[in-house]
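Participant: Given these sequences and hints, build the entire structure.
First residue of the sequence shown: 1, per full-length UniProt numbering; consecutive thereafter.
Hints are computed from structural coordinates only; laboratory data are not their basis.
We treat Cβ as the ideally placed atom computed from N, Cα and C, and that holds for glycine.
Some clues are possibly wrong.
Under the rule of at most 20 Å between Cα atoms (straight-line distance), these lysine to aspartate or glutamate pairs were calculated in the EDC-like manner [unchecked claim]:
1. Lys86 / Glu39
2. Lys37 / Glu10
3. Lys66 / Asp80
4. Lys78 / Asp12
5. Lys52 / Asp80
6. Lys37 / Glu48
7. Lys37 / Asp83
Pairwise CB distance ranges, derived in the manner of DEER restraints [said to hold, decoys possible]:
8. Ser17 / Gly67: 24 to 34 Å
9. Arg23 / Ser47: 28 to 38 Å
10. Glu25 / Gly50: 29 to 39 Å
11. Gly57 / Lys20: 33 to 43 Å
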Amino acid sequence: MTEKRYSSKEVDSLLFSLMKTNRKEFQKWLSDNLLTKHEVLSYTDQSEHGLKQSVRGHHLEAFFSKGEGRSKVNLFLKNDAIDYGKRKRKNVLKGTKPL
Numbered sequence: 001m002t003e004k005r006y007s008s009k010e011v012d013s014l015l016f017s018l019m020k021t022n023r024k025e026f027q028k029w030l031s032d033n034l035l036t037k038h039e040v041l042s043y044t045d046q047s048e049h050g051l052k053q054s055v056r057g058h059h060l061e062a063f064f065s066k067g068e069g070r071s072k073v074n075l076f077l078k079n080d081a082i083d084y085g086k087r088k089r090k091n092v093l094k095g096t097k098p099l
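Facilitator: Here it is, written out as structure tokens:
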């Protein structure tokens, strides 16, 4: 089964309609489901440097990015951060040597 592809114009129209008719619900969804890099750190138990490495290595991808350099803002999906944190902890446990 092939996935339907939407044109950029169709997506823009859908998002505009959603924001116009359900702005508060859309804002709540964004607030509940998007995380800043500092919020992601608590879900993945990483340092900022570790998170940068995870993003560069495509282990965790930003849902939305804007800007460049030090002013770049990355927002991550909460479910992606939770899943990555679980996978990361499993890998750390696999790599530990028994006492």
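Participant: All hints are to be evaluated individually against the structure, with a verdict given for each.
Facilitator: Each hint tested on the structure:
no. : hint                      : result
1   : Lys86 / Glu39             : 16 Å, holds
2   : Lys37 / Glu10             : 30 Å, violated
3   : Lys66 / Asp80             : 19 Å, holds
4   : Lys78 / Asp12             : 23 Å, violated
5   : Lys52 / Asp80             : 15 Å, holds
6   : Lys37 / Glu48             : 8 Å, holds
7   : Lys37 / Asp83             : 15 Å, holds
8   : Ser17 / Gly67: 24 to 34 Å : 27 Å, holds
9   : Arg23 / Ser47: 28 to 38 Å : 36 Å, holds
10  : Glu25 / Gly50: 29 to 39 Å : 34 Å, holds
11  : Gly57 / Lys20: 33 to 43 Å : 39 Å, holds
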